[in-house]
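Sequences listed follow chains A and B, in order. For what it's worth, full-length UniProt numbering labels the leading residue of the first sequence as 1, then goes sequentially. For what it's worth, full-length UniProt numbering labels the leading residue of the second sequence as 1, then goes sequentially.
Treat the hints as calculated values from the structure; they're not laboratory data. Be aware that one or more of the hints could be misleading.
[Claimed, not checked] Capping the alpha-carbon separation at 25 Å, the derived lysine to any residue pairs in SDA-like fashion look like this: (1) A:Lys295 <-> B:Ile9; (2) A:Lys412 <-> B:Gly8; (3) A:Lys790 <-> A:Gln704; (4) B:Lys120 <-> A:Ser398; (5) B:Lys3 <-> A:Ser404; (6) A:Lys696 <-> A:Ile614; (7) B:Lys88 <-> A:Arg565; (8) B:Lys113 <-> A:Ala365; (9) A:Lys628 <-> A:Ala617; (10) A:Lys450 <-> A:Asp566; (11) B:Lys3 <-> A:Thr372; (12) B:Lys33 <-> A:Ser404; (13) A:Lys412 <-> B:Met28; (14) A:Lys622 <-> A:Glu650; (15) A:Lys803 <-> B:Lys113; (16) A:Lys361 <-> B:Ser4; (17) B:Lys120 <-> B:Val78; (18) A:Lys696 <-> A:Ile747; (19) A:Lys292 <-> B:Gly8; (20) A:Lys427 <-> B:Met28; (21) B:Lys120 <-> A:Glu271.
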Amino acid sequence: MINTFIGDLGHASVIVAFVAAIVAALAYFMAAKGRPLGETDINWRNLGRGAFYVHTIAVLSIIISLFNIIYNHRYEYYYAWSHSSNYLPTHFMISCFWEGQEGSFLLWIFWHTLLGLAIIWFNKKWEAPTMAVFAFVQLFLTSMILGVVIGDLKIGSSPFILLRDFMTDAPVFKLNPNFIPKDGTGLNPLLQNYWMVIHPPTLFLGFAITLVPFAFAIAGLWKKDYITWIKPALPWNLFGGLVLGVGIMMGAYWAYETLNFGGYWNWDPVENAVYIPWLVLIAGLHTMVVYKRSKHALRTSFVLVITTFLLVLYATFLTRSGILGNASVHSFTDLGLSGQLFAYLAAFVVLAVLLLVRHWKAIPATEKELTTYNSEFWVFIGVVVLCLGAFQVLVTTSIPVYNSFLGFIGIKSNMALPADQIAHYTKFQLWMGVGIALLSGLAQLLWWQKNDKSKVANALAVPLILTFLFVSLVYMLGKINLIPKVDTLSYFVLLFVTLFAIFANLSMVLTLIRRKVNLSGGAVSHIGVALMLFGILFSSGYSNIISQNTSGLLYSRDFPDDINRDNVLLFRNDKVKMGPYDVAYRGRYFEVKDFPEYVNKQLLHQLDDIHKAIARADIKYKDKIYFKTGDTVDIYPENTYYQVEFKNRETDKTFTLYPRAQVNPEMGFIASPAIKMFADKDLYTHVRVAASEEDKQWSELKEQDLAIGDTLYLNDYFAVLKNIEPTREVKGVELTANDVAVQADFIISGEDKDYHAHPVFVIKDNLVGRIPDEVEDLGLRLTFVNIDTKNNKFKIGVNTTQKDYVILAAVEKPFINILWIGTLVMSIGMGMAIIKRYKEAKVVANPETGSSKKRVVRNKQLA
Amino acid sequence: MKKSHITGIAIIALAIGIIISSAGDASMYVSFKEARELAAEGKTSKVHVVGRLKKDAQGHIVGMNYNPVMDPNYFTFVLVDTLQNEQKVVYFQPKPQDFERSEQVVIMGNMQKDAFVADKILLKCPSKYVEKEIKQTASL
Chain A
1 MINTFIGDLG HASVIVAFVA AIVAALAYFM AAKGRPLGET DINWRNLGRG AFYVHTIAVL
61 SIIISLFNII YNHRYEYYYA WSHSSNYLPT HFMISCFWEG QEGSFLLWIF WHTLLGLAII
121 WFNKKWEAPT MAVFAFVQLF LTSMILGVVI GDLKIGSSPF ILLRDFMTDA PVFKLNPNFI
181 PKDGTGLNPL LQNYWMVIHP PTLFLGFAIT LVPFAFAIAG LWKKDYITWI KPALPWNLFG
241 GLVLGVGIMM GAYWAYETLN FGGYWNWDPV ENAVYIPWLV LIAGLHTMVV YKRSKHALRT
301 SFVLVITTFL LVLYATFLTR SGILGNASVH SFTDLGLSGQ LFAYLAAFVV LAVLLLVRHW
361 KAIPATEKEL TTYNSEFWVF IGVVVLCLGA FQVLVTTSIP VYNSFLGFIG IKSNMALPAD
421 QIAHYTKFQL WMGVGIALLS GLAQLLWWQK NDKSKVANAL AVPLILTFLF VSLVYMLGKI
481 NLIPKVDTLS YFVLLFVTLF AIFANLSMVL TLIRRKVNLS GGAVSHIGVA LMLFGILFSS
541 GYSNIISQNT SGLLYSRDFP DDINRDNVLL FRNDKVKMGP YDVAYRGRYF EVKDFPEYVN
601 KQLLHQLDDI HKAIARADIK YKDKIYFKTG DTVDIYPENT YYQVEFKNRE TDKTFTLYPR
661 AQVNPEMGFI ASPAIKMFAD KDLYTHVRVA ASEEDKQWSE LKEQDLAIGD TLYLNDYFAV
721 LKNIEPTREV KGVELTANDV AVQADFIISG EDKDYHAHPV FVIKDNLVGR IPDEVEDLGL
781 RLTFVNIDTK NNKFKIGVNT TQKDYVILAA VEKPFINILW IGTLVMSIGM GMAIIKRYKE
841 AKVVANPETG SSKKRVVRNK QLA
Chain B
1 MKKSHITGIA IIALAIGIII SSAGDASMYV SFKEARELAA EGKTSKVHVV GRLKKDAQGH
61 IVGMNYNPVM DPNYFTFVLV DTLQNEQKVV YFQPKPQDFE RSEQVVIMGN MQKDAFVADK
121 ILLKCPSKYV EKEIKQTASL
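Go ahead and model the full structure; you've got the sequences and the hints to work with.
What follows is the structure in structure tokens.
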């Protein structure tokens, strides 16, 4: 029966949330209007607060309703039908919650409500003006899932739409309006990955946090309180930088581990859309720190904090309006909301810019000039580098937007994204990395002391000496081929400044430990950034394709040789040389429920319900039998794992990888890599193409008469008929006392091992049945055709087929672990900075509890 | 002149430099005819072509050739661009597994001799973009 209640509840909650957001925005606006900061109109504020509480409860109710629909497989709803399916494990139901656009909007809305509550409870002084901004944003966001149609105007797309209302043309609903599909169409298999359970919430939390400093900045402008907003906003901005940074790197790791493009960063517009605001956020962070120390860069801080949030909105517009159509493979589909998204973006850009322009002159600016001995000066240059880096990515990523815009005003434009995106972005971003590394080292050295010529020279001496030493070391190791040799000038420069940044920041950390003051989160996170750059330099700049075609077969083709032929064809059980390895493809494997390893598909007889199979032999792991012959096991048929054996020719060490592919009726063939991690590199493999099982073509049946002990010659193999034995167990056939079944026992010699084949001959109810047996490894099928009782001979039929194969790509990625370690170090450093800045903000808020000791220490540090 | 002004001018100059340089790297959506003209003029810049696979009257794809056993890194097909120009395309990578199902194909590369050599292929499969159909397997 169709359950309309839950959908109506959800939809009603959306409307309540939307109306409550309007009320909250208005009430908070009135509460703050015309009064200085901190003096709010209590009545209006209470109304605003109440409305925001109602809004929060309504948002929770939306989420619970939607999750209920997904969790209970209510396929009468479009959202559940198109994103979920019966066999989906619970943790992936969480990811199908935000697979659709509506769910991801909901996630974003949810984080905003939590952050709004935090401001109401902890930042009372700022509550009214900042919450006015918050509620205004929520109003726009909830409108995206409103699902109201007025004439031709569609406002929002509701996740609670019934399938029959979504597909009004489907004939099945004409026959039966209460039709409910038995199963959903399922979650995109790429998203069936644990990183996809935590990556989107992290990213959306990062997005949501950028609203907090933005709201403080807007409130500061509005209430003409241009200075004090920095203090509460700074820890939030740091937190946003941390969460967004971690979210981006999680996405990179997910891409590395699950997607098949061969790396962690593809410069896809969707990836860029998050990278741009993050760079600007980090830049804003630095100007805020500079302002706190020297009263410089207040205006710049305003601009950068506001720009960060606007860029988040722009990113949303880019990825959800469908504008990237031809440019990106994984942007959301167009829900027809592009106009609404554009209105949202435009409203905030116009409001923020107007406000900023009106107050620009009033924002205090210091007339003091910065000298080159000021660390602030170098931080500022670093901020410029970050912003230019962000600007460059923005300019290129927006190319589809220019086309649309020009098309809108009637000019035809056919500009496209650069054909080689990686080369294009690397050209610029490499030098941004050089600048960042250099300046982060230099500024950190200068930051903690008062500088003149000799002091600067002193501070630089040790890190520079260490840098030269280590650069030489890396170069030498490269020369003797222990690690890749850095010989490109730009890479060499990057290596140099990266090491400099590590040593400069490390020396600062050590100095601070000696002085027994709390460590600088800045120095620690800079070390992290430098390590990340080091990891990126080697893993991307020196990745080494080992699956190049070395078969010796040269194909006379009419094209130049500058083409990379980067994939190798592996026939089942044939050995191929690949880099330092002998590689062999051993067959297809499945995941079996409650079994620790993958199971060879040959051991499983798949049933009509494709999620179940019968074990053809005992399934055991480390001498423990998990399933006996004939047991029914649960399998996950979506994933096929291709067992590939690697044997190092020099060390004789072997290991096995299982690159995965999903043959999904909705999405086609989707490959996921398998990675072997070494201390100094990763070996990254993925299946590009696998022989299709559906299209398997069998040769015509060839028959031969054999006696027991006779040898049967097959194409490349030979088989011996060992015996003919009666059997009582025939798969899929119920034998009665009058029925007879015999099976032939063949031993076939393969390349590496012998195989048994048991074709069966059955006489049941006076009818003859033949159950052939297939040896997948060898591409053979044997059929027991007849018994010649007079001559004691047996007629055996043979079919052959193309041998199973995969086409594999394998790449070595040196030092990629340093990238992940760097990410961790950067996060730790940012976490330390958050704690420090949060304490500072509190100290000033309650001066009586602030320790004077801390200030003394700080003054000492500056001295 | 104050240092901040000099910095400001330098930033603007760099930003303009970035725009010009990015514009230089930008590719174009062109037809095969234009791609051929570019190659004839000796320009080797990579371009984008949007098209569909060539099909015969029965809707079968024609001109597609991939034999992984011979060479897993050699795949050719015929693409018909939006202006109905036909062109043989060569791709020195394995055939993308979904290829036949694609609704629209975007290729990046350039003309070399008689064929368009593609470096990258973007596929648009109907299932990803067009609304799915309800499977009639369920009982009513």
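Consistency of the hints with the structure:
Taken as a hint, the Lys295 of chain A and Ile9 of chain B pair is honoured in the structure, with Cα atoms around 23 Å apart against an allowance of 25 Å. The straight-line distance between the Cα atoms of Lys412 of chain A and Gly8 of chain B is roughly 35 Å, outside the 25 Å bound, and the hint therefore fails. Between Lys790 of chain A and Gln704 of chain A the alpha-carbon distance is near 16 Å, which keeps this suggested pair within the 25 Å criterion. Using a Cα cut-off of 25 Å, the hinted pair Lys120 of chain B and Ser398 of chain A holds, with the two alpha carbons roughly 20 Å apart.
Simply put, Lys3 of chain B and Ser404 of chain A have alpha-carbon atoms about 40 Å apart, too far for the 25 Å limit, and the pair is violated. With a CA separation close to 22 Å, the supplied pair Lys696 of chain A and Ile614 of chain A stays within the 25 Å bound. A threshold of 25 Å between alpha carbons decides the hint, and for Lys88 of chain B with Arg565 of chain A the separation of about 20 Å falls inside it, so the pair holds. About 63 Å separates the Cα atoms of Lys113 of chain B and Ala365 of chain A, which puts this hinted pair outside 25 Å; it is violated.
At most 25 Å may separate the alpha-carbon atoms for a hinted pair to count; Lys628 of chain A and Ala617 of chain A meet this at roughly 7 Å. With a CA separation close to 55 Å, the supplied pair Lys450 of chain A and Asp566 of chain A exceeds the 25 Å bound. With a C-alpha separation of about 10 Å, the suggested pair Lys3 of chain B and Thr372 of chain A falls inside the 25 Å cut-off, and the hint holds. Between Lys33 of chain B and Ser404 of chain A the alpha-carbon distance is near 24 Å, which keeps this suggested pair within the 25 Å criterion.
Between the alpha carbons of Lys412 of chain A and Met28 of chain B the distance comes to roughly 12 Å, so the proposed pair stays at or under 25 Å and holds. Proposed proximity of Lys622 of chain A and Glu650 of chain A is contradicted: the alpha carbons are some 28 Å apart, above 25 Å. For a cut-off of 25 Å, the pair hint linking Lys803 of chain A to Lys113 of chain B is broken: about 36 Å separates their Cα positions. With a CA separation close to 17 Å, the supplied pair Lys361 of chain A and Ser4 of chain B stays within the 25 Å bound.
Restraint check for Lys120 of chain B and Val78 of chain B: satisfied, since their Cα atoms lie roughly 15 Å apart, inside the 25 Å limit. Simply put, Lys696 of chain A and Ile747 of chain A have alpha-carbon atoms about 24 Å apart, close enough for the 25 Å limit, and the pair holds. A threshold of 25 Å between alpha carbons decides the hint, and for Lys292 of chain A with Gly8 of chain B the separation of about 22 Å falls inside it, so the pair holds. Restraint check for Lys427 of chain A and Met28 of chain B: satisfied, since their Cα atoms lie roughly 20 Å apart, inside the 25 Å limit.
The suggested pairing of Lys120 of chain B with Glu271 of chain A holds, with an alpha-carbon distance near 19 Å, which does not exceed 25 Å.
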